[in-house]
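J.: Below, each chain spelled out in residue letters.
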Amino acid sequence: MPETVTLTVDGVSVSMPAGSMVAAAILKSGKHAFRRSVRGEARGPLCGMGICFECRVTIDGEAHCRSCQTTCENGMDVRTDG
Amino acid sequence: MGDARHVCDVLIVGAGPAGLAAAYRVASSGGRVIVVDDNPAAGGQIWRGEQAKPSSPEAQAWFEKLRSVDIQLINGARVFQQPAAGTLLAETSRGICELSYSRLILATGARERFLPFPGWTLPNVMGAGGLQALVKTGLPIEGKRVVVAGTGPLLLAVAAYLRQRGADVLLIAEQASSMRLARFGLGFVGQTGKAMQAWKLRRSFSRKGAKAQRRVRYLTGCWPLAAHGEDKLESVTLFRHGRVSCDYLACGFHLVPNVELAELLGCGVDAGSVKVNDFQETTVSGVYAAGESTGIGGLELSLVEGEIAGLAAAGNVDEARKLFPLRTKQRKFAELLNRTFVLRDELKQLVQPDTIVCRCEDVTFDRLRAHSSWRAAKLQTRCGMGPCQGRVCGGAVEFLFGWGSESVRPPVLPVRVESLASAEYRSAE
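For the record, the sequence lines run as chains A and B. Numbering-wise, the first sequence is residues 1 to 82 according to the numbering used here. Numbering-wise, the second sequence is residues 1001 to 1429 according to the numbering used here.
Think of the hints as simulated: they come from the structure by calculation, not from any bench. Note that the Cβ used here is the ideal one computed from N, Cα and C, for glycine as well. Relax, there's no trap hidden among the hints.
Between beta-carbon pairs, the in silico distance windows are:
{"hint": "1", "chain 1": "B", "residue 1": "PRO1353", "chain 2": "A", "residue 2": "VAL38", "range": "12 to 20 Å"}
{"hint": "2", "chain 1": "A", "residue 1": "GLU73", "chain 2": "B", "residue 2": "PRO1054", "range": "17 to 25 Å"}
{"hint": "3", "chain 1": "A", "residue 1": "VAL38", "chain 2": "B", "residue 2": "GLY1268", "range": "33 to 41 Å"}
{"hint": "4", "chain 1": "A", "residue 1": "VAL38", "chain 2": "B", "residue 2": "ALA1226", "range": "19 to 27 Å"}
{"hint": "5", "chain 1": "A", "residue 1": "GLY75", "chain 2": "B", "residue 2": "SER1177", "range": "48 to 56 Å"}
{"hint": "6", "chain 1": "B", "residue 1": "PRO1410", "chain 2": "A", "residue 2": "VAL12", "range": "37 to 45 Å"}
When you get a sec, could you build the whole thing from the sequences and use the hints?
T.: Next up, the structure:
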């Protein structure tokens, strides 16, 4: 397994230790708003364990992925809605 | 998308301490066991990341024992439905997983209780365990200013962990009074290990951190009144303490058992916890529950409940009985824990009319208080009907209004349409 993996968050390249979660990569990239709520408010992760669904983003074209439960992979294309 | 079918003697849902302890006991008794878990790796929340980066000797000892027996672990799979008795369906990134069993052990753990206050929906306001989980899975925290707030022993553990990782933990705000905490300390008498652990943890905050961080203030009878910021958290106002600038607010109000799957299977639930008999069997024959889902009690209670459930499910009742005294001792500690960190009524005043209570559907407090039950509020406002299915606001409305969940319907978690279609097909077979 490689030591680090590199993915992009809204087009910005981020390197993470292998085994990191996508939510951590998004915050490391400088993004804090993962999605917009029904009323358009900025939202980010709350529970960190797959329960609250506040951290959902689009990963490699698949919408509504929980970024706190998805492991980072090389070349992953992560899109926030923030 | 491919489908997979698995058959076993004992199926365990949840790979935290209770689930793993149960799995070990079933496998040691010769039963074919499968453990299914939503997370990418085993360990649950408390042992999250232990396999990649070992830090707890107790966790390592358990993982070592587990390697010596034959257990099938299915990770990244969320159980969402029971199409027929003796079968559960789980969704994975690869498709549907059908799990057939003779006996079932639910070890679904707990989640943090969140209470609404102005600004709690801002990005970077997280659960205490929530922030810890993100740091464990790659979030750099070095030099970040963190306020830890809420209630429960988790706050101390999280603050210590974050500090060790280089965070600038500014203070810990614990809503319980110093008097309650003192009584809690006295209650440790007879449990030397736990008393020492708590004492060492508290003391460590009065010294400079390993990375020369400032001392951490532990404020009792203190809680957040409001979080401030534009598109993310900038500061937090604390009761009797004023405003503190910070990068993260790690805030959780103790824990709530995860009982949704048990309810779906028809298991009796009492005061928010799955009801079990001496052998950890629920009101549904052949279905057992262990760990935090049967009531918040901490790691040691989860482990012994898991072992008892595993032995009982494997038919080894004499061995299970031998562990009853240990469980009784741990349950006493659990009672003390839950008495100490009971939420004070003042916390009901934090929420303002325009504060969001249901984050999924953006339902504010003033829209909820007109209703007499959660069911009525759901119908009129959609509170609790978003993707989390009330898992976040449920703990809040229970505290604020005394509302409990009245029914659980499949799927217990949002799943893909093709998963639902597949489940329908299976039910019709």
